[in-house]
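Produce the entire structure from the sequences given, and follow the hints as far as they go.
Protein sequence lines, in the order shown, are assigned to chains A and G.
Those letters in the first sequence? Residues 1 to 553, by our numbering.
Those letters in the second sequence? Residues 554 to 902, by our numbering.
These are computed hints drawn from the structure, not numbers from a lab.
Be a bit skeptical, because a hint or two may be false.
No more than 20 Å apart at the CA atoms, straight line, and that leaves these computed lysine to aspartate or glutamate pairs for EDC-like [what the hints assert, rightly or not]:
#1 G:LYS730 <-> A:GLU223
#2 G:LYS784 <-> G:ASP756
#3 G:LYS730 <-> A:GLU224
Far from chain G, by Cβ distances over 12 Å, these chain A residues were calculated [to be verified]:
#4 ALA271
#5 ASP314
#6 GLN330
#7 SER358
#8 ASP373
#9 GLN415
#10 ASP431
#11 GLU437
#12 GLU476
#13 ASP477
Even for Gly, the Cβ is constructed at its ideal location relative to N, Cα and C.
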Amino acid sequence: MARAPFLFPARDKTARAALAGLLPAALLLTSCAAGAAAGGDGEVQEGGELVYLDAELSSNTQLQSSGTWQDSAYITNITDRLIYKNPETGELEPYLAEEFDVSDDGLTYTFTIVEGVTHSDGTPVDVENVKRNLEWQHDGDPDQGIPANNWFPSIESIETDDSAQTVIVQLEEPYAPFLDVLSFWRTSIVADATIEAPIEEQQQLAGIIGSGPFYVESETYGEEIILAKREGYDWAPPSSPHQGEALLDTITILPVTEDSVRLGSLRSGEADLIRYLQPSEEQGLIDAGIDIVSEQGSGNANVWDVRQSAPFIDDVDVRRALQSGIDREQIIEDLYTDSWRPAKSVVTEDTFGFEDKSDSLVYDPERSNELLDGAGFEEFDSEGYRIDENGERLSLLTYIDVFDATAGPLFQLIQLQLAEIGVELRIEETDYSSYSEVIQDPEIATRRNGWPEADPWVRQTVNYTLDEANALFLEEDDSAAQELDALYHQQLVQTDPAERQETLADIQEILVDEAFLLPILDDSQVFGVQPHVEDLAFTAEARPFFYSTWIDH
Amino acid sequence: MSYTPRSIISRILQGVLVVVLTYVLVWSVLFLLPGNPVQSRIDNPQNPIPEDQAEFILAYYGLDRPWYEQFTVAVGRLFQGDLGYSLGNGHRVTDLIAQGLGETAALAVLALLLTAVFAFIVAFTAVFAPWRSLRTFIRNLPVISLSTPNFLVGLILLQIFAYNLGWFSSIRDEGLKSLLLPAITLATGACAPVAQVLIQGLDRASGEPFVNVLRSSGYAPQSIVFKHVAKNGSIPAVTLLGLTIGELLTGAVIVETVFNRTGLGFVTEQAVRSQDGPVVLGVVMLVAVIYTAVNLLTDLTYPLLDPRTKEVAGTKKTGQGVSETDDPRAKEHEAEHGDAVSAEKGSTR
Numbered sequence: 001m002a003r004a005p006f007l008f009p010a011r012d013k014t015a016r017a018a019l020a021g022l023l024p025a026a027l028l029l030t031s032c033a034a035g036a037a038a039g040g041d042g043e044v045q046e047g048g049e050l051v052y053l054d055a056e057l058s059s060n061t062q063l064q065s066s067g068t069w070q071d072s073a074y075i076t077n078i079t080d081r082l083i084y085k086n087p088e089t090g091e092l093e094p095y096l097a098e099e100f101d102v103s104d105d106g107l108t109y110t111f112t113i114v115e116g117v118t119h120s121d122g123t124p125v126d127v128e129n130v131k132r133n134l135e136w137q138h139d140g141d142p143d144q145g146i147p148a149n150n151w152f153p154s155i156e157s158i159e160t161d162d163s164a165q166t167v168i169v170q171l172e173e174p175y176a177p178f179l180d181v182l183s184f185w186r187t188s189i190v191a192d193a194t195i196e197a198p199i200e201e202q203q204q205l206a207g208i209i210g211s212g213p214f215y216v217e218s219e220t221y222g223e224e225i226i227l228a229k230r231e232g233y234d235w236a237p238p239s240s241p242h243q244g245e246a247l248l249d250t251i252t253i254l255p256v257t258e259d260s261v262r263l264g265s266l267r268s269g270e271a272d273l274i275r276y277l278q279p280s281e282e283q284g285l286i287d288a289g290i291d292i293v294s295e296q297g298s299g300n301a302n303v304w305d306v307r308q309s310a311p312f313i314d315d316v317d318v319r320r321a322l323q324s325g326i327d328r329e330q331i332i333e334d335l336y337t338d339s340w341r342p343a344k345s346v347v348t349e350d351t352f353g354f355e356d357k358s359d360s361l362v363y364d365p366e367r368s369n370e371l372l373d374g375a376g377f378e379e380f381d382s383e384g385y386r387i388d389e390n391g392e393r394l395s396l397l398t399y400i401d402v403f404d405a406t407a408g409p410l411f412q413l414i415q416l417q418l419a420e421i422g423v424e425l426r427i428e429e430t431d432y433s434s435y436s437e438v439i440q441d442p443e444i445a446t447r448r449n450g451w452p453e454a455d456p457w458v459r460q461t462v463n464y465t466l467d468e469a470n471a472l473f474l475e476e477d478d479s480a481a482q483e484l485d486a487l488y489h490q491q492l493v494q495t496d497p498a499e500r501q502e503t504l505a506d507i508q509e510i511l512v513d514e515a516f517l518l519p520i521l522d523d524s525q526v527f528g529v530q531p532h533v534e535d536l537a538f539t540a541e542a543r544p545f546f547y548s549t550w551i552d553h
Numbered sequence: 554m555s556y557t558p559r560s561i562i563s564r565i566l567q568g569v570l571v572v573v574l575t576y577v578l579v580w581s582v583l584f585l586l587p588g589n590p591v592q593s594r595i596d597n598p599q600n601p602i603p604e605d606q607a608e609f610i611l612a613y614y615g616l617d618r619p620w621y622e623q624f625t626v627a628v629g630r631l632f633q634g635d636l637g638y639s640l641g642n643g644h645r646v647t648d649l650i651a652q653g654l655g656e657t658a659a660l661a662v663l664a665l666l667l668t669a670v671f672a673f674i675v676a677f678t679a680v681f682a683p684w685r686s687l688r689t690f691i692r693n694l695p696v697i698s699l700s701t702p703n704f705l706v707g708l709i710l711l712q713i714f715a716y717n718l719g720w721f722s723s724i725r726d727e728g729l730k731s732l733l734l735p736a737i738t739l740a741t742g743a744c745a746p747v748a749q750v751l752i753q754g755l756d757r758a759s760g761e762p763f764v765n766v767l768r769s770s771g772y773a774p775q776s777i778v779f780k781h782v783a784k785n786g787s788i789p790a791v792t793l794l795g796l797t798i799g800e801l802l803t804g805a806v807i808v809e810t811v812f813n814r815t816g817l818g819f820v821t822e823q824a825v826r827s828q829d830g831p832v833v834l835g836v837v838m839l840v841a842v843i844y845t846a847v848n849l850l851t852d853l854t855y856p857l858l859d860p861r862t863k864e865v866a867g868t869k870k871t872g873q874g875v876s877e878t879d880d881p882r883a884k885e886h887e888a889e890h891g892d893a894v895s896a897e898k899g900s901t902r
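Listed below in structure tokens is the structure:
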């Protein structure tokens, strides 16, 4: 992607301008989906209520331990962050930190905090509050069962200077993704009261007190959340076209888990905005005069991890046969809409370090057949699946992902495609609560992974290195594992963007060309929006941001 | 059947035993099942938590302790009225149950009322309507109703009355008005078995010899139907209606999802979906208590409908008891019929 490298201070206009020139055009194509709903002819109108039907209900808003999409979207609207990641350009810009500076050795970060900002409980966002937030993110709160933010670097010290309004963070070693991490919703700045509250309180949105353009007016479990405009809000990121208070008076968030009810309520005009549509539903809504807004989050692509513990796939030729046996174009054509795109690498195009690996992802069943013939699976059994010399069928096990609502048909189509090259994909299903336990089974060959992220490489480091999650189930003495490990750790500390980019290219080459990951598609969040909703915006990670949104009465 | 104070106490103690055993069983099942919301949080692919951090979290919730310690803590808290917190969303279990129960109780009461009304209308029409074709048609209604899924009825009602006519909101709580469509949906399903049993009861009762006697004694047909046949033929249906209360309180999961209500069914669904132990346990215990209490009450209600189950001055009068009709002409025949009811009740229960 093409986002500004992290080492340049925000005020360094020359550096930033130069970097802006590096942005690939793709970024501009992907980041402006909001425009579909924006651009009304009328004057901007203040006031009114936006009724937003979410597909799921808020479950846990505790910052360091939360991971659900809906919670992250709500948190984004009621809090601010130190750094703003401009979704249009991918640049890291001032936000609560009106200036930020990184020392040449990449070890000292200096943040100058905007004056006069307050949380919705009236307490100030000052250097002490920011320091406390950073310490809390770094350490967690073990007594309360609150984990540390594991995207955070190792911090040696955090000091404040009241008169200069600065917070100075000293790292133990350079950490390339730090500013990106600070721009992510999980690192939102909250009031001391939230940090001090028990975890049970933090798990509810009303327990999250921030300085954002909205605050939680009320929350009834499972029923509704009402966000109200924060009076006097005047510290939006300087690059935001809208400044001052939010335009909407309130946002009523109603969790409606039943798809047909969500759609029916939008069509009948009861709702202004709904999240999550099945691809097959889009055309019907367009015909009914509803706008479809699809927003692609920057970060990891929707990929399948190929786990080395499962039978057959420790052979690189078998893995490569899978890579070229999946027809990504057909997947998009048959199951999805224009809102979705085939993956070109393990990360989305607008991600820093993205390498176009399309050539390695071309659908080529003949190549797959050759590879499998050469790998000792020349014979077929009575059902048309390949067998090895012992008569054992080339059969792979997978589980339908419970976090991705489109996973069912997607898995089935890939199953059909792999059957064409003689590979059996056995699809099993389990429920949401058992999934994380079931998926530990080393016999499982592939697992869907990959989500939008402020810095996908941190996530991948957590996922794929041996000393962390080791989601590929690599053996320690595996040379590819050692190489990947070294590259992941190297990119974390590389302070020169060009060098880091090279390392990231090497990582993608191993992951894609050796087919440890099967990139499938670039995910989208799809919304149905009434035409009277204007200027719906999104963060770089595709969370809806209602600050500039207004209703054309 | 007779009730002495001793037998009533014995029945109550049996009920308590059922509740205690349910607690132990459910707790054990939840403990043995893999997965819980805390583990899901730790393993969430969108935010996996490393092992050292996970230890803090498991320790905070006491999930790292041996089963007997966890059980002792849970039971200890239970005696203080503390059902704990949801592992998934941090709400107090008692708050969740209170919120769910409040929503559901109102819905269940209305649905029960409609169930009784629907069942009685259907059964009386099926048995006593003057036209044979109507009777046959109505007799088939319960089967159709039983084979129609709840959610379908709910979605059709929503389509007509919410989306097309706009009389109801499909998503917002409009107080009492919001209860009507879900209550009709629930009652449509729940009335079917009640109506079927009532039809059988009325058929049987109306074929009893005492009806001929009443008729030949010059009683008006309405009086025979509503005063005598209905009373004798409805006991099994009332038993079933009693059990339906439990069903309506707990079985509203799908209807609540369709109508976007956050009642007990919703709380249960969410808790089961994420294996949220404390909430599941709380809900199951509530249901166990309700079922046990309703069963007990239904048993104790029989004497009101069938006076021969009353104990009069320590004398059992089963089979030749006090008649609910004061008319001596019918007394003998009715007593004869009473035996059939007792036998039938025994088999129904």
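Hints, one by one, checked against the model:
Simply put, LYS730 (chain G) and GLU223 (chain A) have alpha-carbon atoms about 17 Å apart, close enough for the 20 Å limit, and the pair holds. With a CA separation close to 12 Å, the supplied pair LYS784 (chain G) and ASP756 (chain G) stays within the 20 Å bound. For the hint linking LYS730 (chain G) to GLU224 (chain A), the alpha-carbon distance of about 18 Å falls within 20 Å, and the restraint holds. A Cβ of chain G approaches the Cβ of ALA271 (chain A) within 12 Å, the least distance being about 7 Å, so the stated non-interface status is violated.
For ASP314 (chain A), the requirement that its beta carbon stay farther than 12 Å from each beta carbon of chain G is met, with the minimum near 23 Å. With a cut of 12 Å on Cβ distances, GLN330 (chain A) stays outside the contact zone with chain G, its closest approach being about 26 Å. Taking the minimum C-beta to C-beta distance to chain G, about 26 Å, the non-interface status of SER358 (chain A) holds against the 12 Å cut. Separation of ASP373 (chain A) from chain G is adequate, the least Cβ-Cβ distance of about 35 Å exceeding the 12 Å criterion.
With a minimum CB-CB distance of about 21 Å to chain G, GLN415 (chain A) clears the 12 Å threshold, and the non-interface call stands. ASP431 (chain A), annotated as away from the interface, has a beta carbon of chain G within 12 Å; the closest lies near 7 Å. Consistency note on GLU437 (chain A): stated as away from chain G, yet its beta-carbon is not over 12 Å from all of that chain's, at 4 Å minimum. At roughly 17 Å from the closest C-beta of chain G, the C-beta of GLU476 (chain A) stays outside 12 Å, upholding its exclusion from the interface.
Non-interface call for ASP477 (chain A) relative to chain G: holds, since the shortest CB-CB distance, roughly 22 Å, exceeds 12 Å.
In summary, the structure is inconsistent with hints 4, 10, 11 from the numbered list given earlier, while agreeing with the others.
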